[in-house]
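A.B. asks: Chains as they are written, first to last, in numbering that gives the first Met the number 0: chain A, 0 to 191; chain B, 0 to 189; chain C, 0 to 176.
Calculated directly from the structure, the hints in this document are not laboratory data. A couple of the hints might just be wrong.
With a Cα cut of at most 35 Å, we get these calculated DSBU-like pairs of lysine-lysine [what the hints assert, rightly or not]:
#1 B:LYS138 with B:LYS166
#2 B:LYS127 with B:LYS138
#3 B:LYS127 with B:LYS166
#4 B:LYS166 with B:LYS179
#5 A:LYS164 with B:LYS179
#6 A:LYS164 with B:LYS127
What follows is a set of in silico ranges between Cβ atoms, one per label pair, in the way DEER data are often shown [as the list claims (entries may be wrong)]:
#7 B:GLY14 with A:GLY128: 23 to 29 Å
#8 A:LEU181 with B:LEU18: 44 to 50 Å
#9 A:PHE21 with B:ASN114: 33 to 39 Å
#10 A:PHE173 with B:LEU34: 36 to 42 Å
Partial selection, computed: residues in chain A whose CB lies under 10 Å from chain C [as the list claims (entries may be wrong)]:
#11 MET0
#12 ASP35
#13 ALA43
#14 THR45
#15 THR49
#16 LEU50
#17 TRP56
#18 ILE94
#19 PRO97
#20 GLY128
#21 PHE129
#22 LEU133
#23 PHE137
#24 LEU181
#25 ALA182
#26 MET184
A virtual CB, placed ideally from N, CA and C, is assigned to each residue, including glycine.
These are the residues of each chain, in order.
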Amino acid sequence: MQDFLLVLLSTAIVNNVVLAKFLGLCPFMGTSSRIDTAVGMALATTFVLTLSTGFVWAAEALLLAPLDLTFLRTMTFILVIAAVVQFTEMVIRRISPPLYEALGVYLPLITTNCAVLGVALLTVQAGNGFVASLLRGFGAAVGFGLVLVIFAGLRERLALADVPKVFEGAPIGFITAGVLSLAFMGFAGLGA
Amino acid sequence: MIDAHMMTQAAQAVGAIGLLGTGLGVVLGVAARYLSAPVDERAEAVAALLPGSNCAQCGYAGCKQAAAAMVDGRAAPNCCPPGGASTAQRVADLLGVRLTSDGTDTALPTVAWVNEARCIGCTRCIRKCGADAIVGAIKQMHTVLPEACYACGLCVAECPTDAIEMKPVMPTLATWHWPKPVAKSATPVH
Amino acid sequence: MNTLQDIDDTLIEGLARVVAIDNAQVWLAAEQPASCGSCATRSACGSGATKPTARWRVPRTLGPGQPPLMLGDTVRIGVERSALNRASLSAFVLPLVTMLTAAIGMQDAGDGVAIAAALVGLLLGVAAARVLARRWRNALVPVVLGRATSAAVSSCGPTQTAALRSIAIPVIQQRSQ
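Just chain A, with the same shape it has in the complex:
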C-alpha cells in the first residue's frame, strides 16, 4: 500500500505532467480561464487517461511485445486512445444526456491531448506491471486536474488584478505558469 501511495505522489506532484514534463499545455492554457471549465476538463481527462493507460499496457503486453513490434508503439497507442475516447463519449451519452450536453465538448479534445499519449508512452517505457501502470496513469491524471484547477483559480484572480496592458491575457498567464512550475520544482527528489 505504501508504495502505491508513493507512486501516486510521485506521478501527481513530483513529476507533474504539465509543470515538470510540460505535456498537455494546450488544454492547460485553454480551459483554465474559469474554474468550472477547468473542473470539467480535469474530470474528463482523468477518466480517459486512466482508462487509456490500462488499455495501452494491455496492447503493449499482449500485442506489441510478443511480436517484437515495439517500433509501432506510437501509432498503436494513438489508435487505442482514439477508440477509448469514442467509447467514453458513447457511454457518457447513454448514462446521462444532460451531462453529455454539459461536458461532452471536452471529450474529442482529449484525443489530441499530448499528455494522454505522453503518459502512455512514459508508463510503458517504465516497464511496470499492470496495476502499477494503471496507478501511474491515475496519478498523472490527478496531477493534471490538480494543476488545472489551481491555475484556473489563479487566472480568475489575475483577470481582476491590475496587470499592465501589454501583459493582459495570455502573456501574464504564461508567466504565472512558469512561476508555478518553478514552485513545483521544489518537490523534486521527494520520494523519487
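With the hints as your guide, set chains B and C onto chain A.
C.D. replies: Just chains B and C now, with coordinates in the frame of chain A:
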C-alpha cells in the same frame, strides 16, 4: 536487401495492427448501435434538407422545429420560402407526401441586393447571413453574391440604414422553360 | 451547455428559447448557435450544441403582471451547480475508483487476473453510475428564472440566489429526444 525475416516481420506488423484496428472498429460499431441515444431519424433527415438559417419565415421558431412539424404532418413540405421548390420536393419525397400548390411556390424566387448608396459598411448583415453570401468588411462596401443567397431575409431585418432589399430573380432566355402540366385532381396523400 | 455564466456558485444560468406553444404551456429548448445548421462538420462535432435533445415544458405565464411567453422568446434557466458536480463526479470518478480497487485487490494473482478484475470493476462502476444518474435525473432539471433581457444577458453583477429561487418556476415535464 529485403530478406525473409524482414518480410515476415512486416507481414506480422501489418497483420497485428490491422487486426487491432478492425477489432476496435467492430467494438465501436456495436457500441454505437446499442449505446446510441434514441433520436428521431426522420426529423433529423428533414432538418438536414432545410437551409438551416432559422429565419422563422415558415412560422416555426427554427428549422429543427419546422422539420419536426413536417414529420408530424402539422406543416406542409413547401412551407419554407427560402428553400424554394427544390427543397419542398426533396422533403416531400423523403416523407412520402404529395405536394399541393397553395401559392407559396408560385412566388418568384428572390435574392438580396445591397443598395450601395445607403450601405455604411457596418457588417451587421454579414454576421446574420447563414449562407456566407455577403462580401464586405468594416467601412467597406458590402455586396451580395446572388448564387449563394437563398433569400432567408435575415439581412434585410438587420440593416440599420435599410440598404438591403429583396429583388425578384427574373427569368432570362437561358433559364425560362415551359411550365409543367398540373394534374386535374391533385389531392394530398399522407 | 456552452452559454453558461456563474452566479453565486450555487446556480448555473443558461438561456433557452420558446419553440412551441401548447395551450397554457410552452416548450423550451436550449439555445443553439444559429449557424450550426449550415456547418459542414456538424456530423463530426462533439459539441452538444448541434444536436440539442432536451426539451422542457413550463407554464406560459411567468408571474402576475407579466406578459405571457411568445414563440421565439428567450428565457433564463438555472441548474443547481451541486447537481452537475455530483453527476460528473459519479459518471467519471466512480467507475475509475471501482476499477482501481478491483485491480489493486487482485494484483497478487498475476497480470492477467488483474486486467480481468479491472474490467469487471469498470463495468460495475459504469452500471452504478448509470443507476445514480437515473436517480439524480430530476436534480438536473432546470428552473425558469425569468425573461432574458439584454441587460441580464451581458451583466455580471452578483445577484441574490435566495431572491432568484423565490421567483423560480419549476418545470412541468421534461422530454429528451
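A.B. asks: Determine for every hint whether it applies to the structure shown.
C.D. replies: Against the structure, the hints:
Only pairs whose Cα atoms come within 35 Å are accepted, and LYS138 (chain B) paired with LYS166 (chain B) is accepted, the gap being roughly 24 Å. Only pairs whose Cα atoms come within 35 Å are accepted, and LYS127 (chain B) paired with LYS138 (chain B) is accepted, the gap being roughly 17 Å. Distance check on the hinted pair: LYS127 (chain B) and LYS166 (chain B) sit about 18 Å apart at the alpha-carbon level, within 35 Å; holds. Restraint check: the Cα-Cα separation between LYS166 (chain B) and LYS179 (chain B) comes to about 25 Å, which is no more than 35 Å; the hinted pair holds.
At roughly 68 Å between alpha-carbon atoms, LYS164 (chain A) and LYS179 (chain B) are farther apart than 35 Å, so this suggested pair is violated. Between LYS164 (chain A) and LYS127 (chain B) the alpha-carbon distance is near 33 Å, which keeps this suggested pair within the 35 Å criterion. For GLY14 (chain B) and GLY128 (chain A), the hinted distance range of 23 to 29 Å is satisfied, since their beta carbons lie about 27 Å from each other. The hinted window of 44 to 50 Å between LEU181 (chain A) and LEU18 (chain B) holds, with their beta carbons roughly 47 Å apart.
Between PHE21 (chain A) and ASN114 (chain B) the C-beta distance comes to about 56 Å, which lies outside the given range of 33 to 39 Å. Taking 36 to 42 Å as the suggested C-beta distance range, the pair PHE173 (chain A) and LEU34 (chain B) conforms, at roughly 40 Å. With its C-beta approaching chain C no nearer than about 9 Å, MET0 (chain A) sits inside the 10 Å limit, and its interface hint holds. With a least beta-carbon distance of about 7 Å to chain C, the hint placing ASP35 (chain A) at the interface is held under the 10 Å criterion.
Interface hint at ALA43 (chain A): satisfied, since its Cβ lies 7 Å from the closest Cβ of chain C, which is below the 10 Å cut-off. With a cut of 10 Å, the hint placing THR45 (chain A) at the interface with chain C holds, because the nearest CB-to-CB distance is about 6 Å. Using the Cβ-Cβ criterion of 10 Å, the hint placing THR49 (chain A) at the interface with chain C is satisfied: the shortest such distance is roughly 5 Å. Hint status for LEU50 (chain A): holds, given a least beta-carbon distance of 8 Å to chain C, under 10 Å.
Residue-level restraint check for TRP56 (chain A) holds (minimum Cβ-Cβ distance to chain C is 8 Å; threshold 10 Å). Hint status for ILE94 (chain A): holds, given a least beta-carbon distance of 5 Å to chain C, under 10 Å. Given hint, PRO97 (chain A) at the interface with chain C, holds; its Cβ is 4 Å from that chain's nearest Cβ, closer than 10 Å. Given the 10 Å rule on beta carbons, the hint for GLY128 (chain A) holds: about 6 Å separates it from the nearest Cβ of chain C.
At a threshold of 10 Å, the smallest CB-CB gap from PHE129 (chain A) to chain C is about 5 Å, leaving the interface hint in force. Residue-level restraint check for LEU133 (chain A) holds (minimum Cβ-Cβ distance to chain C is 6 Å; threshold 10 Å). Because the smallest distance between the Cβ of PHE137 (chain A) and any Cβ of chain C comes to about 6 Å, under 10 Å, the interface hint for this residue holds. Hint on LEU181 (chain A) is violated. Least Cβ distance to chain C is approximately 30 Å, over the 10 Å limit.
Violation of the interface hint for ALA182 (chain A) is found here, the shortest Cβ-Cβ separation to chain C being roughly 27 Å, above the 10 Å cut-off. Below 10 Å, beta-carbon pairs count as interface contacts, and MET184 (chain A) has none with chain C, the closest being about 29 Å; its hint is therefore violated.
The structure shown violates the earlier hints numbered 5, 9, 24, 25 and 26.
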